[in-house]
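Per my numbering: the sequence shown = residues 1 to 363.
Hints are computed from structural coordinates only; laboratory data are not their basis. Here a beta-carbon is modelled for each residue, glycine too, at the ideal position from N, C-alpha and C. Don't take each hint at face value.
[Claimed, not checked] Quick list of the computed label-pair ranges, beta carbon to beta carbon:
no.: 1; residue 1: P82; residue 2: S150; range: 36 to 42 Å
no.: 2; residue 1: D61; residue 2: S204; range: 50 to 56 Å
no.: 3; residue 1: S104; residue 2: G132; range: 20 to 26 Å
no.: 4; residue 1: P136; residue 2: T261; range: 23 to 29 Å
no.: 5; residue 1: R135; residue 2: S204; range: 45 to 51 Å
no.: 6; residue 1: Q137; residue 2: E304; range: 47 to 53 Å
no.: 7; residue 1: A77; residue 2: P136; range: 41 to 47 Å
no.: 8; residue 1: A168; residue 2: D61; range: 31 to 37 Å
no.: 9; residue 1: R135; residue 2: Q335; range: 44 to 50 Å
no.: 10; residue 1: T261; residue 2: A313; range: 29 to 35 Å
no.: 11; residue 1: R199; residue 2: N259; range: 36 to 42 Å
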Amino acid sequence: MSATRRFLRLGLFLAVLALALGLYLYQQLEHPRARYPVSEITLFIPLGTPTSDIFRQLAADGVVRFPWFAEAYYRVARSATPLQAGEYRFEQPTPLSRVIDRMSRGDVVRHVIIVPEGLTAEETFALFWSRGISRPQAFRNAFRNPQLVSSIGGATDLEGFLFPDTYAVTRSTSARQIVELMLANFRKHFTSELREKARANGLSLRDTVTLASIVQKETALPREEAIIAGIYWNRLRRGMRLQADPTVAYALRLQGQWNGTLYRSDYGFESDYNTYLHAGLPPGPICSPGVAALRAAASPASTEFLYFVADGAGGHRFSRTFEEHRDAIAAIRRQREEPPEPAPPPPPENGTAAGSPPSPPSS
1 MSATRRFLRL GLFLAVLALA LGLYLYQQLE HPRARYPVSE ITLFIPLGTP
51 TSDIFRQLAA DGVVRFPWFA EAYYRVARSA TPLQAGEYRF EQPTPLSRVI
101 DRMSRGDVVR HVIIVPEGLT AEETFALFWS RGISRPQAFR NAFRNPQLVS
151 SIGGATDLEG FLFPDTYAVT RSTSARQIVE LMLANFRKHF TSELREKARA
201 NGLSLRDTVT LASIVQKETA LPREEAIIAG IYWNRLRRGM RLQADPTVAY
251 ALRLQGQWNG TLYRSDYGFE SDYNTYLHAG LPPGPICSPG VAALRAAASP
301 ASTEFLYFVA DGAGGHRFSR TFEEHRDAIA AIRRQREEPP EPAPPPPPEN
351 GTAAGSPPSP PSS
């Protein structure tokens with residue numbers, strides 16, 4: 001047998017062997033067996049990750065085997081569809097072709113974040129970064145970004161304008177994109193009709209949201225929101241202080257002194273947000289109100305009430321005079337079987353106070 005024929009046979013044998021090995025490896029990648037005792041594997045591919053590193057990470061996390069062959073197959077057969085960065089969740093086992101299909105489509109994990117009404121911006125952002133979506137400082141920077149804040153007259157940040165709703169985002173969604181999405185959602189819900197109603201009552205956009213944020217914190221009952229907004233509107237027109245507990249809590253929060261409970265001494269805490277000390281609305285919103293609170297603030301109920309106190313059952317009792325308010329407090333205490341306390345003094349004759357003093361607060 002000539003050397004040429006031996007060489008050809010050896011070459012043919014090696015080619016058949018390589019083909020058989022390739023078919024075996026492809027079969028293993030397309031019909032893999034589960035390698036870990038979990039049903040799903042989640043991994044994150046950062047933006048700009050080289051293709052070789054993507055397949056090494058897929059192998060390291062147990063999604064594929066033989067990363068060098070998986071990469072070679074991709075480069076030969078599928079390279080026309082680039083692999084996209086992001087967070088992926090693969091059921092185990094997953095065929096290689098399905099892995100490539102999903103990464104080519106950018107079929108990334110979407111996180112559903114429910115933002116309740118009445119959260120501060122910091123509380124809202126924590127819902128996202130606690131799920132690994134962006135970073136705290138990135139949110140704070142977007143929160144004060146002049147380009148975004150400029151649409152809110154007189155504001156230095158976006159407190160109150162991060163609309164509470166359900167948001168579906170990915171780990172690749174930036175903090176600024178999320179803030180822009182929430183701000184756009186606020187503009188969608190604060191309609192031109194609400195703007196006109198607020199303007200008719202002499203309230204600017206920022207003042208309306210500020211009033212709505214206090215209403216949002218004062219009651220969880222939609223039927224009470226317009227009444228409470230009407231009470232605060234009455235107080236504002238009479239030059240009475242709002243004396244709203246949530247504004248004191250927010251003032252303490254800004255200084256890192258809020259522990260979840262208001263004490264008698266807190267009502268003297270010096271802050272422009274403390275409406276027990278300062279007349280008028282606070283400098284800005286204290287939380288992000290929902291659409292019902294926004295409607296109530298833009299169009300408060302026409303009412304003669306000036307005072308309200310929590311009834312212990314989730315609602316409030318409303319009063320027209322301080323005497324009625326004092327009697328309501330006493331009645332609620334009797335219902336609770338609390339020991340009697342001295343009745344609160346009446347408001348000063350100059351009409352600057354609005355309800356009972358801090359023990360107990362009027363709102």
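Exercise for review: Run the structure past the numbered hints and jot down the numbers of the failing ones, going up.
Suggested key: Hint check: 5, 8, 10 fail, others pass.
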